[in-house]
Amino acid sequence: MIRLDNVTKVYGTDSVAVRDVSFDIAKGDFVFLVGPSGSGKSTLLRLMNRQERPERGDVWIAGRNINELGDSRVPYLRRGMGNVFQDYKLLSNKTVFENVAFALEVIGKPRHVIRQQVPAVLELVGLEDKHDRLPDQLSGGEQQRVSIARAFVNRPLILLADEPTGNLDPATGEGIMQLLDSINRSGTTVVMASHDHRIVNMMRKRVIQLDRGVLVRDQERGVYE
Amino acid sequence: MWSRIAYAFRETWASFRRNLTLTAAAVVTSAISLLLVGTTFLIQRGFDNLLVRWKGDVQMIVFVASDAAPEQIAYIEGIIKSQPAVIDLDKLKYLDKAASFEEAKVIFTGDPTLLSLLTPETIPTQFKVVPLTADAALVRSLAEQYRGLPKVEGVSLAEDEFQIISTLSGFVRTVTIVMSVVLLGVAVALIWNTIRTAMFARRREIEVMKLVGATNWFIRVPFMLEGLLQGLIGGVASCGGLWALNRAWTTGVAGFKPGTGISALVVPGSYVNGVMVMLLVIGALAGAIGSGIAASRFLDV
Numbered sequence: 001m002i003r004l005d006n007v008t009k010v011y012g013t014d015s016v017a018v019r020d021v022s023f024d025i026a027k028g029d030f031v032f033l034v035g036p037s038g039s040g041k042s043t044l045l046r047l048m049n050r051q052e053r054p055e056r057g058d059v060w061i062a063g064r065n066i067n068e069l070g071d072s073r074v075p076y077l078r079r080g081m082g083n084v085f086q087d088y089k090l091l092s093n094k095t096v097f098e099n100v101a102f103a104l105e106v107i108g109k110p111r112h113v114i115r116q117q118v119p120a121v122l123e124l125v126g127l128e129d130k131h132d133r134l135p136d137q138l139s140g141g142e143q144q145r146v147s148i149a150r151a152f153v154n155r156p157l158i159l160l161a162d163e164p165t166g167n168l169d170p171a172t173g174e175g176i177m178q179l180l181d182s183i184n185r186s187g188t189t190v191v192m193a194s195h196d197h198r199i200v201n202m203m204r205k206r207v208i209q210l211d212r213g214v215l216v217r218d219q220e221r222g223v224y225e
Numbered sequence: 001m002w003s004r005i006a007y008a009f010r011e012t013w014a015s016f017r018r019n020l021t022l023t024a025a026a027v028v029t030s031a032i033s034l035l036l037v038g039t040t041f042l043i044q045r046g047f048d049n050l051l052v053r054w055k056g057d058v059q060m061i062v063f064v065a066s067d068a069a070p071e072q073i074a075y076i077e078g079i080i081k082s083q084p085a086v087i088d089l090d091k092l093k094y095l096d097k098a099a100s101f102e103e104a105k106v107i108f109t110g111d112p113t114l115l116s117l118l119t120p121e122t123i124p125t126q127f128k129v130v131p132l133t134a135d136a137a138l139v140r141s142l143a144e145q146y147r148g149l150p151k152v153e154g155v156s157l158a159e160d161e162f163q164i165i166s167t168l169s170g171f172v173r174t175v176t177i178v179m180s181v182v183l184l185g186v187a188v189a190l191i192w193n194t195i196r197t198a199m200f201a202r203r204r205e206i207e208v209m210k211l212v213g214a215t216n217w218f219i220r221v222p223f224m225l226e227g228l229l230q231g232l233i234g235g236v237a238s239c240g241g242l243w244a245l246n247r248a249w250t251t252g253v254a255g256f257k258p259g260t261g262i263s264a265l266v267v268p269g270s271y272v273n274g275v276m277v278m279l280l281v282i283g284a285l286a287g288a289i290g291s292g293i294a295a296s297r298f299l300d301v
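Chains as they are written, first to last, in my numbering: chain U, 1 to 225; chain X, 1 to 301.
FYI, nobody ran anything at the bench for these hints, they're computed from the structure.
Here are the simulated EDC-like cross-link-like pairs (lysine to aspartate or glutamate), alpha carbons at most 20 Å apart as the crow flies:
1. U:K89 / U:E163
2. X:K128 / X:E102
3. X:K128 / X:D57
4. U:K89 / X:E207
5. U:K94 / X:E11
6. U:K109 / X:E207
7. U:K109 / X:E11
8. U:K109 / U:E98
9. X:K105 / X:E121
10. U:K94 / U:D129
11. U:K89 / X:E205
12. U:K94 / X:E205
13. U:K109 / X:E205
Computed from a predicted structure; not experimentally measured.
Isolated chain U, as found in the complex (with noise of 0.2 Å):
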């Protein structure tokens, strides 16, 4: 599903954030990036949904180079993929319907959809009864719900999260990991980066490990030593 091959990226003239990374996410997989602030996961995270271009080397996602990709097809690139942030990125003028129907809205789904798929992915993140809620109305937990429901409202082939429990307590931490897992169980890839020692040992699933850009570990059922 997704496969970089030596990729590097480096920014301005001499800030290498990658190096010569390779590895291949098998569809259906749940992967996590670690490695501390400053090792290159967020920037693979952004090279995987193309807000970023490497230097060297390929991304591909569901069989396509995406470095080979004109502009004016990355937005249909993106139609398959979610993301998932830190800080949310909800809209705070709208409510939590609005959030997640703007997702739909902005790739010209028509109405009849919109009123179709959003209440039931609201009702999958456990948020049916918040819908006419503006974001500033709810915890950080059921913002980040929110922001998982908006990009998985569409069925992406793959959720891109970057370090979705950062900002939460421990208890609302594993909530969205169980959220992130039963999306992953539907057939959702999901890449995760994170450095939260405590939720990467609790799932016990494939972890990429960087260093200063290079990737030093790729285990199977791992944890984050």
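Dock chain X against chain U, hints included.
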């Protein structure tokens, strides 16, 4: 498709309300600049009316009485043509009654009283003379000679009527064109800035839109529509201003004493309508282009 169109209009309207002050500034500037563009066109048309009888290097007009017999006209023509060294015979033109009447309709647009007195039967015909010489004294002496001919009602010389108007016309044209181009540039810059501010205010939203797979055009269209509307509203306001200005001018000119020549500066209504349509188009285009550039420039999020 319908949901996309509805989305674009909804977002345009919301952004309009959010940036009311900036929007008003952009609209007012574009209205003023477009009004100036429109006024330039009207002033030019007015001067063209004044100068229409002097088109094509004509330096002298010999007016022939309307009751002149064909042989009398031929006699005058013969006299004019008798000096091929001084007169450009190829450019010598005779305007019969019908042609003279058509010309008078342009010149006297703003003087309907005088125009109503003229008929194709009573109007003097004209010889338009282009001299080969630059010697003003020689041309003047020729004019004196023609004035003495039978059935010649009068001779007008360009240097008397034309030079001042021509110079004034050139000056006014340059000043108004420069001012309107500068103001139009300011209007585009203001629209650009409004859109940039609108996009900055919504950068988070745009980032989310891009990440969930919205195309650049989907994001850009509401902003371009917003700029287009700003230009268009400015255009509508400028049309109103131009209409009022032209009406005031036409009414004012009607109060002048007949025969002062000022009436030629009045522009026909059909021309004013044409200029208004042009202002709307320029306004809409300037708005769409300004905002389109801004939207493209700030889409890299």
